[in-house]
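K.L.:
In case you want the letters, here they are:
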Amino acid sequence: MKTIILAAALRLFFPLFIFFSFYILIRGHNHPGGGFIGGLILAIPFIFHVLIHGAAETQDTLFVKRVYSLKRKERESSLSYYTRNIGYRLRGLLPWYSREDKDKVLVRQFVIEPLNVIPVGLALSLISGLIPLFLGEAFLTGVWAKAQLPLIGKVGTTLLFDIGVYLLVSAVVLKITLVMSKE
Amino acid sequence: MLIQDNLILLLPMLVPLAGAILCIFCWRAVLSQKVVALLTQLCLLASTAWLFQQVVERGILTIQIGGWPAPYGITVIADLFSCLMLTASALVGLAVVLYSFYDLDKARIRFGYYPVVLIMQMGIGGTLLTGDLFNLYVWFEILLICAFVLITIGGTKQQLEGALKYVTINLIASGLLLVGIGTVYGVAGSLNMAEIAVQARNLPHTQSLFVVASMFFIVSVGIKAAAFPLFFWLPASYHTPPIAISAIIAGLLTKVGVYVLIRLFTLIFQVEPGITNSILLCMAGFSMVIGVLGAAIQTDYRKVLSFSIVSQIGYMLMGLAIFTPLAIAGSIFFIIQNMLVKANLFLVGGAVAQERGTFSFRYLGGVYKHRPLLAGIFFVSALSLAGIPPFSGFWGKLMLARAGFESGFYTIAGIAVGASIITIIYLTRIWNQVFLKDKPADAAIALLPTQPFRGILQLPMLLLLGFILAMGVYAEPFVDFTLQAADGLLNSENYINAVLHKPQAERITP
Numbered sequence: 065m066k067t068i069i070l071a072a073a074l075r076l077f078f079p080l081f082i083f084f085s086f087y088i089l090i091r092g093h094n095h096p097g098g099g100f101i102g103g104l105i106l107a108i109p110f111i112f113h114v115l116i117h118g119a120a121e122t123q124d125t126l127f128v129k130r131v132y133s134l135k136r137k138e139r140e141s142s143l144s145y146y147t148r149n150i151g152y153r154l155r156g157l158l159p160w161y162s163r164e165d166k167d168k169v170l171v172r173q174f175v176i177e178p179l180n181v182i183p184v185g186l187a188l189s190l191i192s193g194l195i196p197l198f199l200g201e202a203f204l205t206g207v208w209a210k211a212q213l214p215l216i217g218k219v220g221t222t223l224l225f226d227i228g229v230y231l232l233v234s235a236v237v238l239k240i241t242l243v244m245s246k247e
Numbered sequence: 260m261l262i263q264d265n266l267i268l269l270l271p272m273l274v275p276l277a278g279a280i281l282c283i284f285c286w287r288a289v290l291s292q293k294v295v296a297l298l299t300q301l302c303l304l305a306s307t308a309w310l311f312q313q314v315v316e317r318g319i320l321t322i323q324i325g326g327w328p329a330p331y332g333i334t335v336i337a338d339l340f341s342c343l344m345l346t347a348s349a350l351v352g353l354a355v356v357l358y359s360f361y362d363l364d365k366a367r368i369r370f371g372y373y374p375v376v377l378i379m380q381m382g383i384g385g386t387l388l389t390g391d392l393f394n395l396y397v398w399f400e401i402l403l404i405c406a407f408v409l410i411t412i413g414g415t416k417q418q419l420e421g422a423l424k425y426v427t428i429n430l431i432a433s434g435l436l437l438v439g440i441g442t443v444y445g446v447a448g449s450l451n452m453a454e455i456a457v458q459a460r461n462l463p464h465t466q467s468l469f470v471v472a473s474m475f476f477i478v479s480v481g482i483k484a485a486a487f488p489l490f491f492w493l494p495a496s497y498h499t500p501p502i503a504i505s506a507i508i509a510g511l512l513t514k515v516g517v518y519v520l521i522r523l524f525t526l527i528f529q530v531e532p533g534i535t536n537s538i539l540l541c542m543a544g545f546s547m548v549i550g551v552l553g554a555a556i557q558t559d560y561r562k563v564l565s566f567s568i569v570s571q572i573g574y575m576l577m578g579l580a581i582f583t584p585l586a587i588a589g590s591i592f593f594i595i596q597n598m599l600v601k602a603n604l605f606l607v608g609g610a611v612a613q614e615r616g617t618f619s620f621r622y623l624g625g626v627y628k629h630r631p632l633l634a635g636i637f638f639v640s641a642l643s644l645a646g647i648p649p650f651s652g653f654w655g656k657l658m659l660a661r662a663g664f665e666s667g668f669y670t671i672a673g674i675a676v677g678a679s680i681i682t683i684i685y686l687t688r689i690w691n692q693v694f695l696k697d698k699p700a701d702a703a704i705a706l707l708p709t710q711p712f713r714g715i716l717q718l719p720m721l722l723l724l725g726f727i728l729a730m731g732v733y734a735e736p737f738v739d740f741t742l743q744a745a746d747g748l749l750n751s752e753n754y755i756n757a758v759l760h761k762p763q764a765e766r767i768t769p
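As given, the protein sequences belong to chains A and C, one line each in that order.
Each residue of the first sequence is one higher than the last, beginning at 65 in my numbering.
Each residue of the second sequence is one higher than the last, beginning at 260 in my numbering.
What the hints contain is simulated information worked out from the structure, not anything from laboratory work.
One thing to keep in mind: the hints can contain errors.
[What the hints assert, rightly or not] Here are the computed lysine-lysine pairs in the BS3-like style, where the Cα-Cα straight-line distance is at most 25 angstroms:
(1) 246/A - 696/C
(2) 239/A - 365/C
(3) 293/C - 365/C
[Claimed, not checked] Chain C is faced by these chain A residues, among others (derived, beta-carbon under 7 angstroms):
(4) 183
(5) 195
(6) 197
(7) 203
(8) 204
(9) 209
(10) 212
Ideal Cβ placement from N, Cα and C applies to all residues, glycine included.
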């Protein structure tokens, strides 16, 4: 289902979905929302991406972070090569920077595998339950920090629990989508 | 003190969960998963032993999750009965995980065998320790999902067929369980089991509704425990997966169902014991008879054992139906010894099949000549299952039969003795067909992939065998524990008081 309109729209809506899922995650403490629904919302743009571009390309573009380096020109001094390269590598960290240079070489690639996010989410939730144990409270009691953060508000173990659920749910949904669409 | 209490009651759930998380972290690394799984099993066994010791010393222990007080929050409670079950299930878990190191193929391990087994053990811990009805349902669902994954893992055609039967019938059971819980909640206005028990005793006009709810529980938990009219899914699915999976499911899951029946019918549904107990009595009798008859005509090692589970479930329900302290103690003793024996028999079958590549009597034979130690392990386990005097099954059956004759239930006690004799017959048949008769000439036909025999596979079996022998030869402390546990179940005031934070009437003394 390769449609240009959907693809263009998705490019605009992608950050929106991500911010909205964060918002839902954080407002979950006193209002409807939280980790589970936030995780599902986070997965939506990825699912659309899979629908439009196919699982292989989604994995290639969204789940792989490639680090490029410049090729060394002939007769270029080390000093000039390294200064050029540092600037190039730093600019490469910016997400919107497009790498059109012809003379680049792939140095390293980081692959994010949803399967590896699942235990992280589980572990965060487990830790959030264990923290109150060591403060002399019952398992899973909400423990709150005194200070308030701007935008987020009160921070406590329940937020940590929700973040764990958020990661777990989005990773499971993504894993299922990727596996199913490949078959 | 609080942090310690919190920890000991939660460790049987948290240790497997932490182990499962670590196992998912090393998803592709089979060796690390094995190491993590083994360490987790050892920690789990240690933590259940610690909980057992604390409960024996201090009586019933409770905590409230999240600090919410009793009728509103979720209670976690450990009494002697749940501790006995926990320890036995941790032992079976350790043995099966040890066995799976040398038996299970890498493909299945890569599909997450260890994390799923560990999460299933967390579910078992949760079911045994929870004091909240809805929480119980959630743990049951976790068990169901894990068992489903374990049965289908590897995805052979036979497995998928078995899993389909298993999941369909168990989903229906879960729905019925939910209806039952809804009814109880509608009547008692609470999901805390102790609070419901108080309500059931204080509201005489709601008795009929409690009876209706108890029917839902009998049917739904009866399906999960594979009791008489509802057992047909079990022989159809338990023989399909590899033995390391069959053994843990067969050893643990149905017994957890029986645990829940015993817990609920001693604590909550005692308002009209006449009706429910006669239904349970019928289920017990028919389970014993149909189970042994089914086992006697099968010609596949695993199918014989699957049917034999059904008949053993009958014995366990019989104790509950007779409802005297001795009968319930007999039930508990029987459950504990059956978990160990049944898992061990499955493991023996797995070791035989690993070499021969089949479970069918037709192509098996001569194991005694080649593997005398394996044959010896089977022999002792089988005698324990049948209940021949010095071995552990005898004491359980003796307590049950004696309780039956003492309280006038002659029919069921007679059926129990008769079923016991048929049990000896089908075990003798396995002994003759698999171990004693000469290896048939066409035995080379292997249906499953074969590997050369490894002596180390017998290590977990010897571990279980040690405990089986101890329970038989040195039965007195075990019988004492089961009698105390039965006492605690029948005097549910202690349980209720421990949950609702009134001073405990009396503590269990070792």
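K.L.:
Each hint needs a verdict: does it hold in this structure or not?
P.N.:
Going through the hints against the structure:
{"no.": "1", "hint": "246/A - 696/C", "in the structure": "violated (51 angstroms)"}
{"no.": "2", "hint": "239/A - 365/C", "in the structure": "holds (22 angstroms)"}
{"no.": "3", "hint": "293/C - 365/C", "in the structure": "holds (11 angstroms)"}
{"no.": "4", "hint": "183", "in the structure": "holds (4 angstroms)"}
{"no.": "5", "hint": "195", "in the structure": "violated (12 angstroms)"}
{"no.": "6", "hint": "197", "in the structure": "holds (5 angstroms)"}
{"no.": "7", "hint": "203", "in the structure": "holds (5 angstroms)"}
{"no.": "8", "hint": "204", "in the structure": "holds (4 angstroms)"}
{"no.": "9", "hint": "209", "in the structure": "violated (18 angstroms)"}
{"no.": "10", "hint": "212", "in the structure": "violated (23 angstroms)"}
Consistency with the previously given hints fails for numbers 1, 5, 9 and 10, ordered from lowest to highest.
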